[in-house]
Amino acid sequence: MKARVFVTLKSGVLDPQGAAIGAALGGMGFDGVNSVRQGKVFEIDMTDTDRPEAEARLDAMCKRLLANTVIEDYSIDLS
Amino acid sequence: MKSAVIVFPGSNCDRDMAVALHEATGAAPAMVWHKDSQLPEGLDLIAVPGGFSFGDYLRCGAIAAQSPIMREVADFAGKGGHVLGVCNGFQVLIETGLLPGVLMRNATLKFVCRDVPLRVEEAQSAFTRGYMSGQEIVLPVAHHDGCYVADDETLTQLEDEQRVAFRYRDAVNGSMNDIAGILSQNRRVLGMMPHPERAVDARVLGTDGTPMFRALSEMMVAA
Numbered sequence: 001m002k003a004r005v006f007v008t009l010k011s012g013v014l015d016p017q018g019a020a021i022g023a024a025l026g027g028m029g030f031d032g033v034n035s036v037r038q039g040k041v042f043e044i045d046m047t048d049t050d051r052p053e054a055e056a057r058l059d060a061m062c063k064r065l066l067a068n069t070v071i072e073d074y075s076i077d078l079s
Numbered sequence: 001m002k003s004a005v006i007v008f009p010g011s012n013c014d015r016d017m018a019v020a021l022h023e024a025t026g027a028a029p030a031m032v033w034h035k036d037s038q039l040p041e042g043l044d045l046i047a048v049p050g051g052f053s054f055g056d057y058l059r060c061g062a063i064a065a066q067s068p069i070m071r072e073v074a075d076f077a078g079k080g081g082h083v084l085g086v087c088n089g090f091q092v093l094i095e096t097g098l099l100p101g102v103l104m105r106n107a108t109l110k111f112v113c114r115d116v117p118l119r120v121e122e123a124q125s126a127f128t129r130g131y132m133s134g135q136e137i138v139l140p141v142a143h144h145d146g147c148y149v150a151d152d153e154t155l156t157q158l159e160d161e162q163r164v165a166f167r168y169r170d171a172v173n174g175s176m177n178d179i180a181g182i183l184s185q186n187r188r189v190l191g192m193m194p195h196p197e198r199a200v201d202a203r204v205l206g207t208d209g210t211p212m213f214r215a216l217s218e219m220m221v222a223a
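Chains as they are written, first to last, in our numbering: chain A, 1 to 79; chain B, 1 to 223.
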């Protein structure tokens, strides 16, 4: 099974990198960009065949390593 | 005093830490590789050094925090052991959950590498009792991800419980409340971004770090 895990900063957490990217886009002439938030995508290829089990394992991976839940949210897309 | 320094792939202040501990205590610390699953017997202090463990991949300190030895370090801290985390070591202790909050990319986005003035906010700990509360000292910093962030509740708790050990005199990296170092609730775990181990020799970078190592050494001997 293949999964995509999205890790994004919680709203309210300062994102200076996203802000710098947003400023760069503005400087390049891309008008109307209100804000940019930078996150991470993980593409995970796993041998699991049982969907609920895979979801539970991915959830544990997110909680224990992929995301720092103090500042980050995560979502799992399992195909 | 018996101490140990944890070494990860990418640690680069482990030897500085070893020199500082050796000079203050008269005994060389055990250098413990991250894949080891056991700590030496009878330790008084564990130091988690600075550097770029695992290349700072994922998040600074996140992968090191999952190393086999860190379970032992967490156990040691849980039993009331003293743990000092400096720079990347602070990031590792946060990712391990031994200290609250998070260290994010510097607000300026720049790597900051210079000597900075700090205020010792709290002399009531084994690490800081060699200083006076309110004393100003100068220690070097060298980091890209030292912006301390925590939710309001955590910040209030840290301040109310006098667990902010060091504060930057001037803004350095965007840290909330200019926090440079914090103590655990039992005051036996200290995490800090500035490098006391780089300031223990008058010939290089001054000696404002020396009181920390001397105080640790004296306390451990007395215990």
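No wet-lab data here; the hints were simulated from the structure.
A few of these clues could be false.
[Said to hold, decoys possible] When the alpha-carbon atoms are kept at most 27 Å apart in a straight line, the in silico DSSO-like pairs for lysine-lysine are as follows:
hint	chain 1	residue 1	chain 2	residue 2
1	B	2	A	63
2	B	79	B	35
3	A	63	B	35
4	B	110	B	2
5	A	40	B	2
6	B	2	B	35
7	A	40	A	10
8	A	63	A	40
9	A	63	A	10
10	A	10	B	35
11	A	2	A	40
12	A	63	A	2
[Said to hold, decoys possible] FRET-style restraints, in silico, Cβ to Cβ:
hint	chain 1	residue 1	chain 2	residue 2	range
13	A	2	B	113	22 to 30 Å
14	B	207	A	57	50 to 58 Å
15	A	23	B	40	18 to 26 Å
16	B	111	A	13	26 to 34 Å
17	A	17	B	162	27 to 35 Å
18	B	79	A	17	18 to 26 Å
19	B	15	A	29	34 to 42 Å
20	A	78	B	26	29 to 37 Å
21	B	117	A	53	52 to 60 Å
22	B	2	A	78	42 to 50 Å
23	A	31	B	57	34 to 42 Å
Even for Gly, the Cβ is constructed at its ideal location relative to N, Cα and C.
Now for the hints, and whether the structure bears them out:
1. Note on residue 2/B and residue 63/A: the hinted pairing is violated, with a Cα-Cα distance of about 35 Å set against a maximum of 27 Å.
2. For a cut-off of 27 Å, the pair hint linking residue 79/B to residue 35/B stands: about 21 Å separates their Cα positions.
3. The suggested pairing of residue 63/A with residue 35/B holds, with an alpha-carbon distance near 22 Å, which does not exceed 27 Å.
4. About 37 Å separates the Cα atoms of residue 110/B and residue 2/B, which puts this hinted pair outside 27 Å; it is violated.
5. At roughly 42 Å between alpha-carbon atoms, residue 40/A and residue 2/B are farther apart than 27 Å, so this suggested pair is violated.
6. A distance of roughly 20 Å separates the Cα atoms of residue 2/B and residue 35/B; the hinted pair therefore holds under the 27 Å criterion.
7. Taking the CA atoms of residue 40/A and residue 10/A, the gap is about 13 Å. The hint holds against a cut of 27 Å.
8. Straight-line distance between C-alpha atoms of residue 63/A and residue 40/A comes to about 15 Å, which keeps the hinted pair within the 27 Å bound.
9. A threshold of 27 Å between alpha carbons decides the hint, and for residue 63/A with residue 10/A the separation of about 14 Å falls inside it, so the pair holds.
10. Distance restraint check for residue 10/A and residue 35/B: the Cα-Cα separation of roughly 33 Å exceeds the 27 Å cut-off, and the hinted pair is therefore not satisfied.
11. Distance restraint check for residue 2/A and residue 40/A: the Cα-Cα separation of roughly 16 Å lies within the 27 Å cut-off, and the hinted pair is therefore satisfied.
12. A threshold of 27 Å between alpha carbons decides the hint, and for residue 63/A with residue 2/A the separation of about 19 Å falls inside it, so the pair holds.
13. The hinted range of 22 to 30 Å is not satisfied by residue 2/A and residue 113/B, whose Cβ atoms lie roughly 42 Å apart.
14. A hinted range of 50 to 58 Å holds for the C-beta pair residue 207/B and residue 57/A, which are about 51 Å apart.
15. Against the hinted window of 18 to 26 Å, the Cβ-Cβ separation of residue 23/A and residue 40/B comes to about 51 Å, which falls outside the hint.
16. Checked against the given bound of 26 to 34 Å, the beta carbons of residue 111/B and residue 13/A, roughly 21 Å apart, lie outside it.
17. As the Cβ distance of residue 17/A to residue 162/B is approximately 33 Å, the hint placing it in 27 to 35 Å holds.
18. Against the hinted window of 18 to 26 Å, the Cβ-Cβ separation of residue 79/B and residue 17/A comes to about 39 Å, which falls outside the hint.
19. Distance hint check: the CB atoms of residue 15/B and residue 29/A are about 50 Å apart, inconsistent with the given range 34 to 42 Å.
20. Checking the proposed 29 to 37 Å range against residue 78/A and residue 26/B shows it is violated: the Cβ atoms sit about 57 Å from each other.
21. The given range of 52 to 60 Å is respected by residue 117/B and residue 53/A, whose C-beta atoms sit roughly 54 Å from each other.
22. For residue 2/B and residue 78/A, the Cβ-Cβ distance of about 49 Å falls inside the hinted range of 42 to 50 Å, so the restraint holds.
23. Look at residue 31/A against residue 57/B: about 35 Å separates their beta carbons, and that is inside 34 to 42 Å.
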